[in-house]
Amino acid sequence: MLEKTGQSYSEDQGNEAAYFGTLLEDMVAKEFEVRTGKKVRRNNFMLQHPEHEFIMANIDRKVVGENALLECKTASAYLAKDWEDDEIPEPYLVQVQHYLGVTGYEKAYIAVLIGGQRFVWKEIERDEELIDMIFEAEVHFWNYHVLGNNPPALDGSSAAEQYLKERYERSEQNKVVDLGYEFQDKIRHYNELKESIKQLQEQKSRLNTKLNRN
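Be aware that the sequence shown starts at 24, since it is given in our numbering, and climbs by one per residue.
Hints were generated in silico from the structure; no laboratory data involved. Cβ atoms here follow ideal geometry from the backbone N, Cα and C, with glycine treated the same way. Please note: incorrect hints may appear among the correct ones.
Here are the simulated SDA-like pairs of lysine to any residue, each with C-alpha atoms no more than 20 Å apart in a straight line [claimed, not checked]:
(1) 104 - 142
(2) 85 - 57
(3) 96 - 145
(4) 53 - 97
(5) 61 - 128
(6) 62 - 138
(7) 85 - 140
(8) 104 - 83
(9) 96 - 169
(10) 130 - 72
(11) 85 - 46
(12) 104 - 138
(13) 53 - 141
(14) 85 - 107
(15) 62 - 83
(16) 62 - 81
(17) 145 - 172
(18) 96 - 75
(19) 61 - 42
(20) 61 - 50
(21) 62 - 88
(22) 130 - 46
What follows is a list of derived Cβ distance ranges for each label pair [unchecked claim]:
(23) 235 - 90: 20 to 30 Å
(24) 152 - 81: 22 to 32 Å
(25) 58 - 225: 35 to 45 Å
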């Protein structure tokens, strides 16, 4: 019944959204070039933190001639309010600051195609305080949860999320919330977390294999 009324979010829907998101990435990047006059090039390899090999970044594009990166996104028309004025959804802000921390770049651009008909791009300055908190949380996650074999509680209470709530808190009065699509977005974020955990666990297994060989 929930699927029939569009209130549920199946794994197939998630896979389809990811597929079209990847397909549209080139188009978003090209439109960014048209709108800004900047040139970007694809990054074809994973980037690694110089001190922590388990902290990695897979950026969409490098901005030519600038110490900057570009992230390309697509969003449902129902999430258009999340991109109004200077707003950037918190998960994307954390992701971009994570990438800036790994790459050492000074700033980032994020471009998003909303509802297939509205294009928005924004500039994001490097935030050292937030980057430090993100890395601190990731190092703890690796040492305590991955190496320590302690399953994490996916409750959205990370230090980075708490920092964002305090720094970017805004009034929720008179805000209309579509529970169906909010629920859908949370599940998508949950699936992204599961994939990150899976990658960390795979890295742990590879490290264990190397250690056992020695």
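What hints, given by number in increasing order, does this structure fail?
-> Going through the list in order, the structure violates hints 6, 7, 8, 9, 14, 17, 18, 19, 22 and 23 and respects the others.
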